Amino acid sequence: MATRRLPNILITGTPGTGKTTLCDLVAIQTDFEHIEVGKLVKEQQLHDGIDHEFDSFILNDDK
1 MATRRLPNIL ITGTPGTGKT TLCDLVAIQT DFEHIEVGKL VKEQQLHDGI
51 DHEFDSFILN DDK
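Okay, so the sequence shown: first residue is 1 according to the numbering used here, each after it adds one.
To be clear, the hints were calculated from the coordinates, so they are not data collected in a lab. Be careful, since some hints might not be right.
[Claimed, not checked] DSSO-like mimics (lysine-lysine), calculated; alpha carbons at most 27 Å apart, straight line:
no.	residue 1	residue 2
1	K63	K42
2	K19	K42
3	K63	K19
4	K63	K39
5	K19	K39
Bear in mind that the values here come from a model prediction, so they are computed numbers and not experimental data.
Start from the sequences and build out the full structure, keeping to the hints where you can.
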């Protein structure tokens, strides 16, 4: 089994608050990989639709 070498850092917040900008800066400074959870959820179809009030996916954590 592979050994993890880096910790996970999860940055959350409502749309338009600068999460992507912050994550890009953290990735540059730490040499960590920036994974956009929203894109991952969409690409892997890990959602049950869209919450239009919050303009975000409804995560299905059973998938």
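Evaluated hints:
Restraint check for K63 and K42: satisfied, since their Cα atoms lie roughly 12 Å apart, inside the 27 Å limit. With a CA separation close to 18 Å, the supplied pair K19 and K42 stays within the 27 Å bound. Only pairs whose Cα atoms come within 27 Å are accepted, and K63 paired with K19 is accepted, the gap being roughly 25 Å. Straight-line distance between C-alpha atoms of K63 and K39 comes to about 15 Å, which keeps the hinted pair within the 27 Å bound.
About 14 Å separates the Cα atoms of K19 and K39, which keeps this hinted pair within 27 Å; it holds.
The earlier numbered hints are all upheld by this structure, with none contradicted.
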